[in-house]
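Engineer: Chain by chain, the residues run as shown.
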Amino acid sequence: MEYFLQQLINGLTLGAIYGLIAIGYTMVYGIIGMINFAHGEVYMLGAFIALIAYLVSTLVGGQSVALGLMAALLATMLFTGLWGWAIERVAYRPLRGAPKLAPLISAIGMSIVLQNFAQISQGARVKPLPPVIGGGFELMTGDDFTVSLSSLQIVIMVVTVVLMALFTWIITRTPLGRAQRATEQDMKMAALLGVDVDRVISATFVMGAVLASVAGLMVTLYYGVIDFYIGFLAGIKAFTAAVLGGIGSLPGAMLGGLLLGLIEAFWSGYFSIEYKDVAAFSILVLVLLFRPTGLLGRPEVEKI
Amino acid sequence: MKAPPIAAALREGLAGALVAAGLALPMLGFRLVDSAQGLSLGTRFDWVLWAALIVGLGRFAMTILRGAWQPSQAPAMGEAKAARLRLMAGWALAGLAITLPFLPFSDRNLVDKATLVLIYVMLGWGLNIVVGLAGLLDLGFVAFYAVGAYSYALLATGLGWSFWLCLPLAGLFAAGFGVALGFPVLRLRGDYLAIVTLGFGEIIRVILQNWQDFTGGPSGISSIPRPTLFGLRFMASAPDGHQTFADYFGLAFSGDHRVIFLYFIILGLALLTNLFTLRIRRLPIGRAWEALREDEIACRSLGLNPTTIKLSAFALGAMFAGFAGSFFATRQGFISPESFSFIESAVILAIVVLGGMGSQIGVVLAALILVGLPEWFRELQQYRMIAFGGAMVLIMLWKPSGLLSSRAPTIRLKGAK
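Chains as they are written, first to last, in the working numbering: chain A, 1 to 304; chain B, 1 to 417.
No lab work stands behind these hints: they were computed from the structure.
Any given hint could turn out to be false.
Under 8 Å between C-beta atoms, here's a sample of chain A residues computed to sit facing chain B [unchecked claim]:
hint: 1; residue: 48
hint: 2; residue: 53
hint: 3; residue: 59
hint: 4; residue: 102
hint: 5; residue: 128
hint: 6; residue: 284
hint: 7; residue: 292
Where a beta carbon is used, it is the ideal one built from N, C-alpha and C, also for glycine.
Work out the full structure: start from the sequences and follow the hints.
Structural biologist: Structural data, given as structure tokens:
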């Protein structure tokens, strides 16, 4: 029972991070129908920028950890958002209206470039960061096992919930969100009605990058190590989460992320840690077999 | 069209420089230094300045050039003429490939590199059946390559079977995996299919990595036997009861013989793949692939069964990947799961798409550019992959439908436009 609870907490934390990255995939896919393969790399850049920003803020700011983290969070969101914008501008915008596979290849190329750029500019070695947020609670003490919930896990879940609420508000209540939903439904029609489609798409990429950068910051704090290669696996996991939840659907991305996190945590907790990726992908295949559009996806109407 | 005023170009350049500075500030401006005391920061703001300067000037020049540049109005080549040209280029390339080892300037190194390129050409041709002809986006093609490689390696090291016996078996196994994977997932639409194939590729890799007893785990399988020519070995001295190639033909032993022999094996396999594809495109099944790519609903209403058609494309593509895989295993003599990561799938897919989906010659061209060129720049190891990814982006921006795009149907009704 205690063990179960612990895996649940770990799974939810991991799932929150996957969910944040998955939103970037799902929003971009919803609007321009492309798999943004470089998104995992954006997350990796976010992690690096977060680490750098945190170190800078401790150098400049002094002692307060909370203040330093806030500054790092803001700087990370700003700079990673800029990266997201630039990537779209350089590699995807010229390919609008090109054959469907062209942006995909361009995205794969971009992700190779970014990965190696990070490797060259920051070195290939794993970057460790000593724990910044310590402490936590012991929820339950069993016979020989203690369930603990660290402060960091609380921070991660709170930040995720706040961001989700914020972005849901942006999508459903603001003019930008309305423009995004219009573009998603019918790009040409939205353009005819005066929506600046290019700007909306740029905004979508920036939003995805910002969320991914927050995930990057939290992973840096949570695991304490990052390297230039983390983007790949996190990227395909998050994409899996997006597909699992139904690609194009925001709540779906979060649900898919949480599910994937839980599956991984329970699988590594009860079965074998080596095969946790196999479990994650097998569940994906199973879900797609019975619900080909994901858990919360709308069924696609085939028009002739 | 008049060149835009310098002011506009200046503005563009300045904006570009600012963005570049913003991008470079965190990643280039600071450097993470890990030392015994933990992580610290170094700075190199001059790099940021350089990045801003280069991007700004580049943007400025591009804006001016774009204004001055007039798209050339050269008449497009007629379709028939282009097709003839392509055919000639194909024969010329095949001739060059066959004579390559005997040309005066070729050496062991060149033949070795050509072998590598040919592996990718063959993989590209195999994937071309799946992606280019049948229009199924497969991001896990490397899985079948891995199945082929491990089938040969395991059969040869475990049971001692010869390469020529294992080659068809490896192809069969890979095709079997293709069917096993394809059967449940081919109902899925394009992008869902893509992620499932990607997942499948990863699953295979993870299993190869962790199933220690069977696959040797991360350390892989080593001392895989080399192929023989009708029982003749390519060694300095043969074990009892066998003959070496050099002895039989009365030549002095040279390591080059094996390299050239391997080159001809892969050349033969690749040409076989090509011939097979060219012929099958004209059969009903090949036409059904192209029809399915263009319009699945129309196909279904005409009574074609999409599942079997897709499955056959999947299985055949997988089979050629299996052949290529077992050749890879025998050429390297050592395989490990590391050789079968996602990046390989991405490279093969890039070769197919960059070449122009469905174009056989395009695949050769793209393989030469993506695999051949970087081989010459091995010394620049770390910048090689950046250039590789950059080339993928740039070629796509320049020619979004591939270097040699041919989406024309292989067969036309007489008189139809």
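Engineer: Does the structure break any of the earlier hints, and which numbers would those be?
Structural biologist: Checked against the structure, no hint fails, so every one of them is satisfied.
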